[in-house]
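**Student:** Once you've looked at the hints, dock chain B against the given chain A.
One-letter residues, chain by chain:
Number of protein chains: 2
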Amino acid sequence: MDYSKLNGLIPAVIQDAASSEVLMVGFMNEEALAATRRTGFATFFSRSRNTLWMKGESSGNRLQVVDILVDCDDDTVLVKVKRLGDGNVCHTGERTCFFRTLDAAAS
Amino acid sequence: MDYSKLNGLIPAVIQDAASSEVLMVGFMNEEALAATRRTGFATFFSRSRNTLWMKGESSGNRLQVVDILVDCDDDTVLVKVKRLGDGNVCHTGERTCFFRTLDAAAS
Numbered sequence: 001m002d003y004s005k006l007n008g009l010i011p012a013v014i015q016d017a018a019s020s021e022v023l024m025v026g027f028m029n030e031e032a033l034a035a036t037r038r039t040g041f042a043t044f045f046s047r048s049r050n051t052l053w054m055k056g057e058s059s060g061n062r063l064q065v066v067d068i069l070v071d072c073d074d075d076t077v078l079v080k081v082k083r084l085g086d087g088n089v090c091h092t093g094e095r096t097c098f099f100r101t102l103d104a105a106a107s
Numbered sequence: 001m002d003y004s005k006l007n008g009l010i011p012a013v014i015q016d017a018a019s020s021e022v023l024m025v026g027f028m029n030e031e032a033l034a035a036t037r038r039t040g041f042a043t044f045f046s047r048s049r050n051t052l053w054m055k056g057e058s059s060g061n062r063l064q065v066v067d068i069l070v071d072c073d074d075d076t077v078l079v080k081v082k083r084l085g086d087g088n089v090c091h092t093g094e095r096t097c098f099f100r101t102l103d104a105a106a107s
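Chains as they are written, first to last, in our numbering: chain A, 1 to 107; chain B, 1 to 107.
Heads up, a few of these hints could be off.
For chains that are exact copies, the list does not tell them apart, and a pair is met inside one copy or across any two.
Derived SDA-like pairs: lysine to any residue, alpha-carbon spacing no greater than 20 Å straight-line [as the list claims (entries may be wrong)]:
{"#": "1", "residue 1": "5", "residue 2": "50"}
{"#": "2", "residue 1": "5", "residue 2": "102"}
{"#": "3", "residue 1": "5", "residue 2": "105"}
{"#": "4", "residue 1": "80", "residue 2": "19"}
{"#": "5", "residue 1": "80", "residue 2": "101"}
{"#": "6", "residue 1": "82", "residue 2": "66"}
{"#": "7", "residue 1": "80", "residue 2": "105"}
Because the hints were derived from the structure by calculation, they are not lab data.
Just chain A, same shape as in the assembly (with noise of 0.2 Å):
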C-alpha cells in the first residue's frame, strides 16, 4: 500500500457486504489495517484523537470483515463488511453516515 499520499493515511470505504449499501469512510495507517486484518474488525486511525479505534469496540456494533480490496494505484481499501449489533453505523444512530443528500445538507 501507499501512505504517502496523505501523511501515512488511506481512506478506507466501509461498504455492507450484504445490501452493497457504502456505510462511512474512514482513514487507515498501516497499523490500522494491520489490526482490521488481524482482529477481523475494521480499525481506523483517528485524526482528532490521534490513535487507533476499532469501530463499535464500546457499542458492539462492529464492523466484521468480509473481503479487503485495493485500488489500482495501491492508495485506497474497500473493506467489505458484515454489520453486527444493532447494525446502525453512524454515531447518529442512522444506518448509514451517508443518510443526507447534499441539497439537503445545504439547505
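**Tutor:** For chain B alone, kept in the frame of chain A given last:
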C-alpha cells in the same frame, strides 16, 4: 462541506447507481464539487497535476451524476453515477479501480 481536514480536499466515493459497485475514490476541492454539480459529470482535483479533471473527458467514459450524498460530519461525499462510454472506469481498462483483493495485491 468541511474541507479543512485534508488541506482543502474531501474524498469522493464513486458508486454505480445501478449495480451499487464502488468504482473509484477521488478527491474534490470546493471548485471540483461545484463543477460536478454544474456539469452533471464527476470532476476531481488532481493532486499530482494540481488541476481539475473531469473523469472520462478524453476517453468518453464520463460518470454522470445521479445523486450526491454527504456523510454525517460533512467531510466526505458519495456520488452515485451512471457509467457512460464503454463503462470501464479504471485507467487500466478494468470496470472498477477495485479489482484486486488485498491478498492478491500483496502477493
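**Student:** Now, for every hint given, state plainly whether the structure supports it.
**Tutor:** Taking the hints in turn, this is what the structure says about them:
1. In this assembly of identical chains, the alpha carbons of residue 5 and residue 50 lie at most 20 Å apart whether taken from the same copy (18 Å) or from different copies (13 Å).
2. Taking the closest pair of Cα atoms, residue 5 and residue 102 come within 20 Å of each other only across two copies (19 Å); inside a single copy the shortest separation is 27 Å, beyond that limit.
3. Taking CA atoms no more than 20 Å apart as the test, residue 5 paired with residue 105 passes between copies only; the shortest distance there is 18 Å, against 29 Å inside one copy.
4. Taking the shortest alpha-carbon separations for residue 80 and residue 19, both the intra-copy value of 10 Å and the inter-copy value of 15 Å come in at or below 20 Å.
5. For the identical chains of this complex, residue 80 and residue 101 are inter-copy neighbours only, at 11 Å across copies versus 23 Å inside a copy, given an alpha-carbon limit of 20 Å.
6. Proximity of residue 82 and residue 66 under a CA criterion of 20 Å is satisfied intra-copy only: 7 Å inside one chain copy versus 27 Å between copies.
7. Taking identical chains as interchangeable, the C-alpha atoms of residue 80 and residue 105 lie at most 20 Å apart only when they sit on different chains, with a minimum of 16 Å there against 26 Å within one chain.
Comparing the model with each numbered hint stated earlier shows that all of them hold.
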